[in-house]
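Sequences are here, hints too, so could you generate the full structure?
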Amino acid sequence: MIKKIALVLMLIAILITFSLTIQESKEYLDCFSKDYFVSKTFRETGSKNIVTGIYLDYRLFDSIFEAGILLVVVSGIIFMSKKDEEVL
Amino acid sequence: MIYEEVITLKTSRILICISRLLYPFMLLFGFYIIINGHTSPGGGFQGGAILATAILITYFIDPDRITNLNLLIKIEKVLFILILVIGSISFFTKNVFFTNFISIESSTTYKKIFLIALNFFIGIKVALGLVTVFSTFIKEGRS
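Chains as they are written, first to last, in numbering that gives the first Met the number 0: chain A, 0 to 87; chain B, 0 to 142.
Some clues are possibly wrong.
[To be verified] 27 Å max Cα-Cα, derived DSS-like pairs, lysine-lysine:
#1 B/Lys138 x A/Lys81
#2 A/Lys82 x B/Lys138
#3 A/Lys39 x B/Lys111
#4 B/Lys93 x B/Lys111
#5 A/Lys33 x B/Lys76
#6 A/Lys47 x A/Lys33
#7 B/Lys76 x B/Lys111
#8 B/Lys138 x B/Lys73
#9 A/Lys47 x B/Lys93
#10 B/Lys73 x A/Lys81
#11 B/Lys76 x A/Lys82
#12 A/Lys25 x A/Lys39
#13 B/Lys76 x B/Lys138
#14 B/Lys93 x A/Lys33
#15 B/Lys73 x A/Lys82
#16 A/Lys47 x B/Lys111
#17 B/Lys76 x A/Lys81
#18 A/Lys39 x B/Lys93
[What the hints assert, rightly or not] Heads up, incomplete: computed chain A residues facing chain B, CB under 8 Å, no partners named:
#19 Val37
#20 Phe41
#21 Gly45
#22 Ser46
#23 Asp56
#24 Phe60
#25 Leu69
#26 Ser74
#27 Ile76
#28 Ile77
#29 Ser80
By construction, these hints were calculated from the structure, which means they are not laboratory data. Note that CB positions come from ideal geometry on N, CA and C, so glycine has one too.
What follows is the structure, encoded as structure tokens:
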């Protein structure tokens, strides 16, 4: 019972903080990066799809490490699936 | 023995027939999405997932198929190193890591080469990764 009450209190606290931050951040919202990407992505990267232009040119390190994470996950799954005698 | 009973239950003739019919079209659709990733919605990761689904549908057609997992993960490592190398070429032409290696003033037709190459390699890498994960689970279920 105590655990459930604590959980509900935690969820309410998270809800209040999130709504407060959303209300505060509305004053600082501006569309600078959106305007930049919409107007200049095709000329700078040559891709009509803005998403591709961002993840293969402006933020290429992000997608490279994403591919690396997939490689690590696959290696881990193969390692866990092997029996102890095969590894040693 | 339990495995064989499950297999005979799960592979009906209609499913196998439809899978054989769909398999080439799914491969074609995956490659279309990967190669047109810079002009239309899609890209390497999404197209790779479709390619992996197309390859995994062959487990319906032939349930006893055996894939060589070591070869698959070796190819995946080589592809990852290739992606890193293509991303790092820009260090020699622009002095910046991980951007397009063709200069920013050149026309958009040449810049597309970089996007198509990276999309293609990322797509094949993602497809191989997902196929390896699923094949490992199937191999575990058999043993």
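>> So, against the hints stated earlier in the document, which numbers end up violated here?
In response: Of the numbered hints, 5, 19 do not hold.
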